[in-house]
Amino acid sequence: MKGIIKNQGAQFMILAGFIIAVGLVITTIILNSIIFEVNITIGGGSEFSKYDMINLVQITKDEFRSAYNNSSIDSFNRQLDSFNGDISKIYALHGEGIKIGWDTSNWNSNSYTYFTDNGLSGGKTNWTLVENVNNSDITINIIPPLSSSFIINITNATKYWNINFTTPTPGVTIINTQIMNHISPPYSISFINGSNANGNYSINGATMNGKNFTRARDYVLNGTVSFFMSRVRTNLTIPITVPW
Amino acid sequence: MLDDQAQLHTLEGVAASMLILLVIIYAIDATSITPLTSSTSSVQVETELAFIGQDILNRLDYTEPGEISNLKKDIIKWDGNQYQWSGTKYVEDGNIGNNISNDITDILNTSLISKGIAHKLEVSYLLNNNNISVSGPRTMIYAGVPSDNAVTVSRKIVLQDSDIVLFGDPNSTNPIYDVYPTTILWNIVDVKLVLWRT
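Order-wise, the sequence lines are chains Z and B. Per my numbering: the first sequence = residues 3 to 246. Per my numbering: the second sequence = residues 17 to 214.
Since the hints were derived computationally from the structure, they do not count as laboratory data. Quantities reported herein were computed from a predicted structural model and do not represent experimental measurements. Honestly, I wouldn't trust all of these hints.
Capping the alpha-carbon separation at 30 Å, the derived lysine-lysine pairs in DSS-like fashion look like this [what the hints assert, rightly or not]:
1. B:Lys131 / B:Lys93
2. Z:Lys91 / B:Lys172
3. B:Lys93 / B:Lys172
4. B:Lys131 / B:Lys105
5. Z:Lys63 / B:Lys172
6. B:Lys105 / B:Lys93
7. B:Lys208 / Z:Lys52
8. Z:Lys213 / B:Lys93
9. Z:Lys63 / B:Lys208
10. Z:Lys52 / Z:Lys91
11. B:Lys172 / B:Lys105
12. B:Lys208 / Z:Lys101
13. B:Lys105 / B:Lys208
14. B:Lys172 / Z:Lys101
15. Z:Lys213 / B:Lys89
16. Z:Lys213 / B:Lys172
17. Z:Lys52 / B:Lys89
18. Z:Lys101 / Z:Lys91
19. Z:Lys101 / B:Lys89
20. Z:Lys63 / Z:Lys91
21. Z:Lys101 / Z:Lys63
22. Z:Lys52 / Z:Lys126
23. B:Lys172 / Z:Lys52
24. Z:Lys63 / B:Lys93
25. B:Lys89 / Z:Lys63
26. Z:Lys63 / Z:Lys213
27. Z:Lys91 / B:Lys89
28. Z:Lys52 / Z:Lys63
29. B:Lys172 / B:Lys208
30. B:Lys131 / Z:Lys52
31. Z:Lys52 / Z:Lys101
32. Z:Lys126 / Z:Lys63
33. B:Lys172 / B:Lys131
34. B:Lys93 / Z:Lys91
35. Z:Lys91 / B:Lys208
36. B:Lys89 / B:Lys208
Work the whole structure out from these sequences, hints included.
Written out as structure tokens, the structure reads:
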């Protein structure tokens with residue numbers, strides 16, 4: 003027993019083990035802090051947030067639509083040239099590069115859109131354009147080919163009125179009085195089988211709370227948004243419906 | 017040299033110093049967790065502030081087709097002065113008789129002031145001095161110098177001639193002007209909202 007108590011080698015081993023254990027804990031904590039801070043710094047410096055991207059896409063769409071109202075392709079190109087040069091200066095403040103591209107071939111060749119929700123053939127074919135309508139005038143131009151029937155559906159809480167198109171119909175206007183003969187407000191306006199037909203439309207009116215609205219579409223123009231930072235490069239092609 | 021006691025004392029000293037180091041590291045980590053420091057916990061605070069800021073800008077910049085957003089409208093109608101919260105309203109710096117009340121100040125008041133979140137609103141815009149450049153930030157709403165863990169959210173807005181026609185010519189003291197008189201592009205403005213906990 004006396005011999006065991008005096009065994010200082012065992013005390014050294016216990017103490018050494020204790021020091022190694024505590025050393026490991028300290029090293030782990032410090033390493034964890036370093037890795038965490040580095041990740042936060044890298045993440046914060048390189049992130050182009052989804053909000054920034056949404057904002058960029060939105061102002062690009064707005065600019066396309068504003069430029070489209072210039073009514074000539076030359077004016078459209080001039081305005082987007084100015085926009086492309088200037089928007090890059092604003093983004094350069096944050097160390098981000100921006101380039102906007104555009105394609106007006108659909109406009110140039112009078113290739114109207116499908117009556118789907120996004121104007122493309124694969125878009126949602128049955129969709130609602132506006133709800134809670136008090137009064138409206140609908141102008142629609144359906145060009146060949148019309149693969150089968152296309153319907154404008156006007157619905158209120160109790161009734162509906164279907165305006166059925168089975169042949170191409172150039173420039174027809176359904177005025178508010180005609181709608182009121184079938185449906186009382188508030189009503190909603192929907193397109194049914196929108197992928198069956200091409201053309202352009204314009205709906206102007208007011209909602210039940212007195213707010214004026216416009217829904218109109220002629221073409222789908224393809225816009226390209228290129229975004230680049232030192233570590234990230236992104237190209238987005240977005241179909242933009244004009245005028246709205 | 018053969019004194020085992022001395023070696024043991026040395027090892028005990030090392031062990032004690034490591035324990036003290038461990039305690040110090042733990043104490044530093046614990047005390048740094050405050051709303052105003054850039055620590056592990058304040059990442060949550062910053063994220064929350066960023067969401068609030070983005071929601072405010074989304075709300076202000078929402079618009080129906082063919083209409084102009086409240087954010088654009090308020091930037092056009094801004095008189096170029098700097099305003100501070102006085103306790104009841106936003107008043108001009110150095111001229112408490114002049115105050116500002118619009119959709120921007122309304123939403124800042126209801127969303128931020130009631131929660132004790134300090135905020136600053138700055139705008140940068142294009143200048144045309146023979147060539148196009150970007151102005152330095154110009155403060156619209158001011159609430160002091162942001163803390164280290166302040167977050168910034170921004171929104172770019174494009175002003176067209178048609179927007180200006182809708183609301184009439186901007187105030188003569190508004191620093192934002194038509195950089196392209198020959199086109200319908202009027203100016204591009206970067207609106208920055210800085211938020212921090214007080």
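Comparing the hints with the structure gives:
Restraint check for Lys131 (chain B) and Lys93 (chain B): satisfied, since their Cα atoms lie roughly 27 Å apart, inside the 30 Å limit. A C-alpha spacing of about 12 Å is found between Lys91 (chain Z) and Lys172 (chain B), which places the hinted pair at or below 30 Å, so the restraint holds. Under the criterion of a C-alpha separation no larger than 30 Å, the hint pairing Lys93 (chain B) with Lys172 (chain B) is consistent with the structure, at around 17 Å. In summary, the hint linking Lys131 (chain B) to Lys105 (chain B) is supported, as the alpha carbons are separated by about 16 Å, within the 30 Å threshold.
Between the alpha carbons of Lys63 (chain Z) and Lys172 (chain B) the distance comes to roughly 13 Å, so the proposed pair stays at or under 30 Å and holds. With a CA separation close to 18 Å, the supplied pair Lys105 (chain B) and Lys93 (chain B) stays within the 30 Å bound. Distance check on the hinted pair: Lys208 (chain B) and Lys52 (chain Z) sit about 16 Å apart at the alpha-carbon level, within 30 Å; holds. Of the pairs offered as hints, the one joining Lys213 (chain Z) and Lys93 (chain B) holds, with about 22 Å between alpha carbons and a cut-off of 30 Å not exceeded.
For the proposed pair Lys63 (chain Z) and Lys208 (chain B), the alpha carbon gap of about 21 Å is at most 30 Å, so the pair holds. The straight-line distance between the Cα atoms of Lys52 (chain Z) and Lys91 (chain Z) is roughly 20 Å, inside the 30 Å bound, and the hint therefore holds. Of the supplied pair hints, the one linking Lys172 (chain B) and Lys105 (chain B) holds, its CA atoms being roughly 26 Å apart against a limit of 30 Å. Proposed proximity of Lys208 (chain B) and Lys101 (chain Z) is supported: the alpha carbons are some 22 Å apart, at most 30 Å.
With a C-alpha separation of about 21 Å, the suggested pairing of Lys105 (chain B) with Lys208 (chain B) holds against the 30 Å cut-off. The hinted pair formed by Lys172 (chain B) and Lys101 (chain Z) meets the criterion: a straight-line CA distance of about 15 Å does not exceed 30 Å. For the given pair, Lys213 (chain Z) sits about 17 Å from Lys89 (chain B) by alpha-carbon distance, which is consistent with the 30 Å threshold. With a C-alpha separation of about 26 Å, the suggested pairing of Lys213 (chain Z) with Lys172 (chain B) holds against the 30 Å cut-off.
Our distance criterion of 30 Å between C-alpha atoms is met by Lys52 (chain Z) and Lys89 (chain B), whose separation comes to about 25 Å. This hinted pair checks out: Lys101 (chain Z) and Lys91 (chain Z) have alpha carbons roughly 10 Å apart, not beyond 30 Å. Between Lys101 (chain Z) and Lys89 (chain B), the direct Cα distance comes to roughly 27 Å. Compliance with the 30 Å bound is thereby established for this hinted pair. Between Lys63 (chain Z) and Lys91 (chain Z) the alpha-carbon distance is near 19 Å, which keeps this suggested pair within the 30 Å criterion.
Under the criterion of a C-alpha separation no larger than 30 Å, the hint pairing Lys101 (chain Z) with Lys63 (chain Z) is consistent with the structure, at around 14 Å. Taking the CA atoms of Lys52 (chain Z) and Lys126 (chain Z), the gap is about 25 Å. The hint holds against a cut of 30 Å. With a C-alpha separation of about 14 Å, the suggested pair Lys172 (chain B) and Lys52 (chain Z) falls inside the 30 Å cut-off, and the hint holds. In summary, the hint linking Lys63 (chain Z) to Lys93 (chain B) is supported, as the alpha carbons are separated by about 24 Å, within the 30 Å threshold.
Our distance criterion of 30 Å between C-alpha atoms is met by Lys89 (chain B) and Lys63 (chain Z), whose separation comes to about 19 Å. The straight-line distance between the Cα atoms of Lys63 (chain Z) and Lys213 (chain Z) is roughly 23 Å, inside the 30 Å bound, and the hint therefore holds. For the given pair, Lys91 (chain Z) sits about 23 Å from Lys89 (chain B) by alpha-carbon distance, which is consistent with the 30 Å threshold. Between Lys52 (chain Z) and Lys63 (chain Z) the CA atoms are separated by roughly 16 Å; this keeps the pair inside 30 Å, and the hint holds.
Of the supplied pair hints, the one linking Lys172 (chain B) and Lys208 (chain B) holds, its CA atoms being roughly 9 Å apart against a limit of 30 Å. Distance restraint check for Lys131 (chain B) and Lys52 (chain Z): the Cα-Cα separation of roughly 26 Å lies within the 30 Å cut-off, and the hinted pair is therefore satisfied. Simply put, Lys52 (chain Z) and Lys101 (chain Z) have alpha-carbon atoms about 18 Å apart, close enough for the 30 Å limit, and the pair holds. Between Lys126 (chain Z) and Lys63 (chain Z), the direct Cα distance comes to roughly 20 Å. Compliance with the 30 Å bound is thereby established for this hinted pair.
Under the criterion of a C-alpha separation no larger than 30 Å, the hint pairing Lys172 (chain B) with Lys131 (chain B) is consistent with the structure, at around 26 Å. Taking the CA atoms of Lys93 (chain B) and Lys91 (chain Z), the gap is about 24 Å. The hint holds against a cut of 30 Å. Of the supplied pair hints, the one linking Lys91 (chain Z) and Lys208 (chain B) holds, its CA atoms being roughly 16 Å apart against a limit of 30 Å. Between Lys89 (chain B) and Lys208 (chain B), the direct Cα distance comes to roughly 16 Å. Compliance with the 30 Å bound is thereby established for this hinted pair.
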